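Just so we're aligned: the sequence shown equals residues 162 to 378 in the working numbering.
If you are wondering where the hints come from, they were derived from the structure by calculation, not from laboratory data. Computed from a prediction, not measured in an experiment: that's the story for all the values here. Even for Gly, the Cβ is constructed at its ideal location relative to N, Cα and C. A hint or two may mislead.
Listed next, the in silico BS3-like pairs over lysine-lysine satisfying Cα-Cα at most 27 Å (straight line) [stated by the list, open to error]:
id	residue 1	residue 2
1	LYS240	LYS207
2	LYS207	LYS305
3	LYS305	LYS377
Quick list of the computed label-pair ranges, beta carbon to beta carbon [as the list claims (entries may be wrong)]:
id	residue 1	residue 2	range
4	ARG367	GLU238	25 to 35 Å
5	PRO350	ALA174	36 to 46 Å
6	LYS305	ALA361	45 to 55 Å
7	LEU267	LEU378	41 to 51 Å
8	ASP358	ILE212	35 to 45 Å
9	ARG318	GLY270	55 to 65 Å
10	ASP306	THR372	49 to 59 Å
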Amino acid sequence: MTHPRSERVHATAACADDLVAAAASLSSASLHEAARRAGALPAVLKPIDPIMRLCGRALPVRCPAGDNLWIHRALAEAKAGEVLVVETGAGVEFGYWGEIMATAALARGLAGLVITGGVRDSLRLIELGLPTFSAGVCIRGTIKDPNGAGAVGEPIRIGEVVVRRGDLVFGDADGVVVLGPEAAAVAVPAAAQRDADEVAILEQVRAGALTLDVYKL
């Protein structure tokens, strides 16, 4: 599918199904630490409901501030299991996404949304259950300029992280982590081991051990 003022890139490697499945039970903090503290998106990006958890492959989207047409185009191109990761530039104070788009995403089997702008219809989004991570909730509407510059599938930068199609995207109440396939292949099993180690540490602390001793500080 081609659009005016669009940019295209060659397909990149994507995280394997078993890696995505293994990551689903982790935490964002463990995954970030296991990745040598890489991949954390800005802390402002949080789920609209704290119980929401997100895990899938990234489909990067770039759209002009206050314009959500490229997100509609991304919905048409996205594959089941993908997460729309949307960069809105300086346009934080807009509601780019609402009930209708979330319903369309669920119908197409998408795994969720991460957006640097706002969303609206927040109560309905929570009821629908599609994992939705945003910079906030905003009722201000958007335009749909057919000539607006944007892209679907092109790498984007959010904070210090470059997001490419097929990257692992994981989110929970604490934040969002994005890792490329190679980094994820190392970090996911390391994070699982880290979580197992923390279970043992918790047992020691409950028994009265000092954290200074447990961590050999």
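So which of those numbered hints doesn't the model satisfy?
Numbers 3, 4, 5, 8, 9, in rising order.
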